[in-house]
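S.K.: Could you build the full structure based on these sequences and the hints that come with them?
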Amino acid sequence: MTYLTGKPIAVDDILAEVQGPERGGTCVFLGTVRNGPDDGGVTGIEYSAYDAMAQAEIARMLAEARERWPEARVALRHRLGMVPVGEASIGIAAAAPHRDEAFAACRYVIEEVKKRLPVWKKEVRMDGTTTWVDPSGKPVAGGLRDR
Amino acid sequence: MANVTVRFFARYAELAGCESAAVAVPASATVEDVLRRVREAVPGAQALPARPLTALNLRQVKLDARVQDGDELALLPPLSGG
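For the record, the sequence lines run as chains V and H. Going by my numbering, the first sequence opens with residue 8, and the numbers climb by one from there. Going by my numbering, the second sequence opens with residue 1247, and the numbers climb by one from there.
To give a feel for the contact side, a few chain H residues facing chain V, derived at Cβ under 7 Å: (1) R1257; (2) A1301; (3) A1320; (4) P1323; (5) P1324; (6) S1326; (7) G1327.
Don't read these hints as lab results, they were simulated from the structure. The structure displayed is predicted, hence computed values, not measured ones. Just so you know, even glycine gets a beta-carbon here, dropped at the ideal spot from N, CA and C.
M.R.: Dropping the structure here:
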């Protein structure tokens, strides 16, 4: 399974991977590129990854979700390259017999993505400037964050 | 000796001025030893933080993890996926 894509995320595809007659609750999470009032005129975000590790990490996260919610199915795509404002950078679909497990599995995977996935984003602004973004969502100022 | 491929990503690749480097360290070396060697071999790597996030063969590790010949060590800027 290839979890990384350079193309727009096709929600129908990830839904098709998880839905089934025995699963009555399905939820989809989409993370989209934002240009809010405090975002300084963002036109898009350039995503890059350590592809091999990202693939391996996603496979591990989905296996963990499967272990915790054995009846749930979760599918994920992360887009790489330039993603314009309003388009999704990540899509997660989770389906389970009942909604509680679907929501829980979906939430688990997106939170693990935020903690563990080796993906980086660089904001591109209207004036042509670019800024690497740190995990708190704030642009990296002068120095570098340590761990 | 252990030959280790070191990979730089995102902002760290810009600072290092390259995406990868090959370094040789003693057989019992740790990730921290590899980082020290990288800073000597790649001038731009001196700008990297003292304790960057690291992954050895696709898994995050601490700086005291041992490396082996043929390993791939990745230096990861703060993660911002999703």
